[in-house]
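Here the structure of chain A is known, so what remains is to put chain B in place on it, guided by the hints.
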Amino acid sequence: MKTTATTSPIDQLEADQEIISKVLAGDRNAFGVLIQRYSDPLFRHALGMTGSPDVAEDILQMSFIKAYHHLSEVRGRFDAWVFRIVANGCKDWLKNIRRTHLSYEEDDQPTSYATPEEELDRTELRDDLDTALLQLPPSLREAFIMKHVEGRSYEEMADLLGTTVGALKMRVHRAREALQALLEEKYA
Amino acid sequence: MEHHHEPEGRPERERPLRSADEVGPMSDREVPLVPQSTVDAPDAIHRWLDGELPEPTGLRGDAARSVEFWRRLGEETDKRRRMMTPAHLPDKIMSALPPMSLPYNAGMPWYKKGIRLTTTSAVAVGAALFTMGWIVARALVAR
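Protein sequences appear in the order of chains A and B. Under numbering that gives the first Met the number 0, the first residue of the first sequence carries the number 0, and numbering increases by one thereafter. Under numbering that gives the first Met the number 0, the first residue of the second sequence carries the number 0, and numbering increases by one thereafter.
No wet-lab data here; the hints were simulated from the structure. Yeah, the Cβ is synthetic: ideal placement off N, Cα and C, and Gly gets one too. Some hints here could point you the wrong way.
Here are some, though not all, of the chain B residues that point toward chain A, as calculated from beta-carbon distances under 8 Å [stated by the list, open to error]:
1) His45
2) Leu48
3) Phe68
4) Arg71
5) Leu72
6) Thr76
7) Arg80
8) Met82
9) Met83
10) Leu88
11) Pro89
12) Ile92
13) Met93
Some chain A residues near chain B, calculated using beta-carbon distances under 10 Å [to be verified]:
14) Leu41
15) Lys146
16) Glu149
17) Gly150
18) Ser152
19) His172
20) Arg175
21) Glu176
22) Tyr186
Here chain B stands alone, though its shape is the one from the complex:
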């Protein structure tokens, strides 16, 4: 996948492992994936990774190793974040697009298009016809 990497990518909107997000409630809606005994990342590390706290310092043992682990993984996810679509793909997609399926009457002059009658337009047309009929009737009576 090396060929998908580009060293100088577009400006980053947000660094992946250092983003700032608001603190929110944590609803427990999912089954834990791993036994709790193997989960040793303290909350401070999660909050650091969520961008809520600066990188924890002065940690020892497992916690210190966790910080080092995530720093290292962060370098890898940063690289992935600069990964770009293979150059040939947009052209490949464009050439695979079918001819534009325009609406059947697109491009036709208005007088050749079919009539789509809605309730509102039906009432309006009815009222107009009634008025015209009334005017014609009045004209005939006046004679």
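Pulled out of the complex, with its shape left as it was, chain A reads as follows:
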């Protein structure tokens, strides 16, 4: 069951801490509540960063298992803490991909653009956006996804990423400019 809570951050924090206490007291199933509560935005983040649903699933699974092992170390917001685990998991995956010399720029670039007369369907735009996102440097991709796909405010992003609102605005602006440069020939 998905939660549609509109509780305040403080209520949410207390609710999470209550669940964490239950898990630490031996109620393993209570951890499922945390998974249900936070998996959607985390999955969207991992999917946006990696471009692969399978990889996103793996990262999410590993991250929640890691969170489970280190649950007693949570200080403050669980969602922010687990977000950092997932974000680091994505970055590690991207580093490993680069180490194995898999190049998205070469392998996944669209081979041809449709003519302006062609009707562009959703799938095509989605695929092209995925391809373009994967060509962005990870920091720009991360900022764009958090802002436009996850719908986070700059303040929330700054809190989660440990940087300033100004720096994040700059990243998002540059990501937009890069995406537009990559896609405007076809879509603008």
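Quick look at chain B alone, frame taken from chain A:
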């Protein structure tokens, strides 16, 4: 990835390309990704996308095309924002969790647990023992 979409998602906290954020200083800490010649999105469009201004109107040429481009991309990012975790994943994660690694003495009665001595408790225990010794000594002397 179509199967991850759900048409009627949870209530949205914020629309992705129309969010409202405060205006903040822009510190230049990163290397531009693309040559400036290709960057033609005016500041008004960025501010619109940041939710600071309404959608720009009356634009022409490149700027008008930019607005149309971002409107179109906004529809796609809106859809992505409603994307949900594959239904099987939470169960898969739960079944992959190891047995709960509780602290070694969790569930033991207090008298069977090991003693963890901190500085404060050591001082308290010392003071208590000293007091007890003093009382016993006084009692013996009084006899």
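Open item on the list: Flag every earlier hint the structure violates by its number, smallest first.
Closed with: When the structure is compared with the hints, none of them turns out to be violated.
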